[in-house]
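Number of protein chains: 6
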Amino acid sequence: MEKKVAIFRKEHFNAAHRLFVPEWSDEKNREVFGKCSNPHYHGHNYELIVKVTGVPDPTTGYVVNLSVLSDLIGKEVLAKFDHKNLNLDTKEFAHLNPTAENIVVVIYEMLRSKIDPKLDLSVRLYETERNFVEYPVSLTVDG
Amino acid sequence: MEKKVAIFRKEHFNAAHRLFVPEWSDEKNREVFGKCSNPHYHGHNYELIVKVTGVPDPTTGYVVNLSVLSDLIGKEVLAKFDHKNLNLDTKEFAHLNPTAENIVVVIYEMLRSKIDPKLDLSVRLYETERNFVEYPVSLTVDG
Amino acid sequence: MEKKVAIFRKEHFNAAHRLFVPEWSDEKNREVFGKCSNPHYHGHNYELIVKVTGVPDPTTGYVVNLSVLSDLIGKEVLAKFDHKNLNLDTKEFAHLNPTAENIVVVIYEMLRSKIDPKLDLSVRLYETERNFVEYPVSLTVDG
Amino acid sequence: MEKKVAIFRKEHFNAAHRLFVPEWSDEKNREVFGKCSNPHYHGHNYELIVKVTGVPDPTTGYVVNLSVLSDLIGKEVLAKFDHKNLNLDTKEFAHLNPTAENIVVVIYEMLRSKIDPKLDLSVRLYETERNFVEYPVSLTVDG
Amino acid sequence: MEKKVAIFRKEHFNAAHRLFVPEWSDEKNREVFGKCSNPHYHGHNYELIVKVTGVPDPTTGYVVNLSVLSDLIGKEVLAKFDHKNLNLDTKEFAHLNPTAENIVVVIYEMLRSKIDPKLDLSVRLYETERNFVEYPVSLTVDG
Amino acid sequence: MEKKVAIFRKEHFNAAHRLFVPEWSDEKNREVFGKCSNPHYHGHNYELIVKVTGVPDPTTGYVVNLSVLSDLIGKEVLAKFDHKNLNLDTKEFAHLNPTAENIVVVIYEMLRSKIDPKLDLSVRLYETERNFVEYPVSLTVDG
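From first to last, the protein sequence lines are chains E, V, F, C, S and P.
According to the working numbering, the first sequence is numbered sequentially starting from 1.
According to the working numbering, the second sequence is numbered sequentially starting from 1001.
According to the working numbering, the third sequence is numbered sequentially starting from 2001.
According to the working numbering, the fourth sequence is numbered sequentially starting from 3001.
According to the working numbering, the fifth sequence is numbered sequentially starting from 4001.
According to the working numbering, the sixth sequence is numbered sequentially starting from 5001.
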């Protein structure tokens, strides 16, 4: 049986954002999103972990070359998000609230089409050391 | 298809504990639990990661509001365990050995009933940087 | 001889900022500050370490109570900077470029007048895990 | 129903290695493995996380005693790899390219036969803080 | 001129403690020390960094052999404090409040007499990731 | 009075090395350097922190531009040491034992001549998370 191995590459980017629903009043936005809805934006050092799963090549011993994966993340994600205002400077969040949940799904979709379909992909995003998200999710036994 | 995202919140608490089986002799407790059975207790900075999985709300982009989740953990877990002696100050470990395995199951159960049943829940507990546990477990391909 | 001990308290805040000199052209700002001069702002998870040095009280064994120090930092610094745009939302950086160097000096001055003059004070600020600053500086033997 | 808990133990070792395929020219090795094919070797602080999953013993509350697991990892893995040249000093990598993927599979197999078959086993290996691998892989929902 | 280099060794221990002044009422202890005065103790994973400064030996290139220093810390500090109740199990804190400030001074004195007087010594102690102390203190320019 | 601020930049490199004194027998090298004298080398992920101290420029608010400092470290240090065997691939350690103490002094000297003499310089080098060194040393009150 072929042995699948997961490889992980960690990258980071710094960005500003603001959480709000444009159809809502300022008051309701403040109530739901608290300090995160500050109209002048705040920001984060986002840490990004990209997980790619597949069978290592029998000659090289690589699932994918991590420096190739790092370059891909740089080109597809960091070039668009690093040192940007997610709400104002990106088309992805022009009409989508840049919560961690929405950002991680967007990053997954940016990368999915660029990575060999035989390989599984999963993305974890740290907004702070204490708040983070993952997509798609691992199956868990819950009971 | 609805897209599930996992969100994580990290909290911590400091507590004293002692590992021992009351039916056993001191000698046998020392043999099985080593320094951890010291009768006068020792302690840890416990780091707790709570993972909640579900479909983000299409309006807010939140699976759950992390500040609400943080408050819930504070009320249900930290208020009972932080700066406490787990063996002497908590009803949960009055008759249950406070190993990391038992603590993580207890914390899961404290939180499970307070979180929407549509959401999956999983808890990781670090007793030290090098020793940690998780419940319920992820399914793994083994072999 | 009285024994001085240094105590440290770590806190964090999230903020947006932009580096630029208003008298300069956009081109010159871009040349000097690179991506950090993006007009729509970017952001960071700032980690702050406050160091206070003095002789522990012989009765309590405290230099200062760390929970009192934590509250002071919360009131004097975090309440003003957390989840804010440093350029737009603070009077301190309305006319001062919010480089890490300038931020750390400002934070020092915010705290200095609130802390007993018998105690020494020093502040370290992490803009990212790889870029950080300290003020005032430790004396170093150089050469 | 019996409740499975995962326990984790983190260990580390320092080793030298070189990535190359002996059938290939130096040029091709340099092209595929870059700096990692330097003929005189380079090295890493490898961090190793071993995950063991099973039902806690109802008396002790342990899945396995973590100090027993730590000793086992020390004897089976660290004694062979720590402060060694993986290519020259180990039989496992005499004819196998010591990529992180291959190392993690080898470590898994070293440990699998020594651990009770009722317990699941999984290994994560950090080559650097930014590059890491896991085997066997968690099942992920992908899509 | 001879070149002094500082070397650092990080160790850790787990212990229980309670902060209180025996001459004070429970109420006053609770007021000053808060949760830290819980009569049944709480605990921490203490991280300890020992800094030794001197001129490297011209033959070996060592200030001191770090594995010798690690053994010394193990014998003089960890053997006495690890997995202990500082108030009940140690003579050092039988009549001294085990604040981080007092612990760091005690550890310094335990080590000072065992280390070559030509070498400078300094100790940092982390009670949590956010609360830590250092003794003796670095000279700082203040103002 | 002019206000000096210290700025820090963290970088890393991976290298192999071996500790030994060529005039000594294998037995004596093994006795003094232990596993670190393994003839086939072992390796580390070295973390390097460069500290530069000076008065921030009143216009830019920079002591030095951290991206310029990062480029300088890359050119002067990483290009020579990253993914290298320190004993075999570098002229600096052809006849000097590559202990952490000797490496940190060498790195300091590589950088000192390239940095404005008005600025103070200090270097910290982590060989592992638990073993690290600093040069030149901070003055400490020791008594």
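I should point out that these hints are in silico values taken from the structure, not numbers from a laboratory.
Be aware that a few hints might be false.
Cross-link-like lysine-lysine pairs, in silico, DSSO-like; alpha carbons within 30 angstroms at most [to be verified]:
#1 5003/P / 4035/S
#2 4003/S / 10/E
#3 3091/C / 5035/P
#4 1010/V / 2091/F
#5 2004/F / 4003/S
#6 5028/P / 4004/S
#7 114/E / 3091/C
#8 5035/P / 2091/F
#9 1080/V / 4035/S
#10 5004/P / 2080/F
Where chain F lies over chain P, by a calculated footprint (3+ residues, C-beta under 8 angstroms) [unchecked claim]:
#11 5015-5025
#12 5082-5088
All values derive from a computational prediction rather than experimental measurement.
Cβ atoms here follow ideal geometry from the backbone N, Cα and C, with glycine treated the same way.
To see whether the hints hold, each was checked on the structure:
no., hint, in the structure
1, 5003/P / 4035/S, "violated, 40 angstroms"
2, 4003/S / 10/E, "violated, 38 angstroms"
3, 3091/C / 5035/P, "holds, 18 angstroms"
4, 1010/V / 2091/F, "violated, 33 angstroms"
5, 2004/F / 4003/S, "holds, 27 angstroms"
6, 5028/P / 4004/S, "holds, 26 angstroms"
7, 114/E / 3091/C, "violated, 38 angstroms"
8, 5035/P / 2091/F, "violated, 58 angstroms"
9, 1080/V / 4035/S, "holds, 12 angstroms"
10, 5004/P / 2080/F, "holds, 25 angstroms"
11, 5015-5025, "violated (count 0)"
12, 5082-5088, "violated (count 0)"
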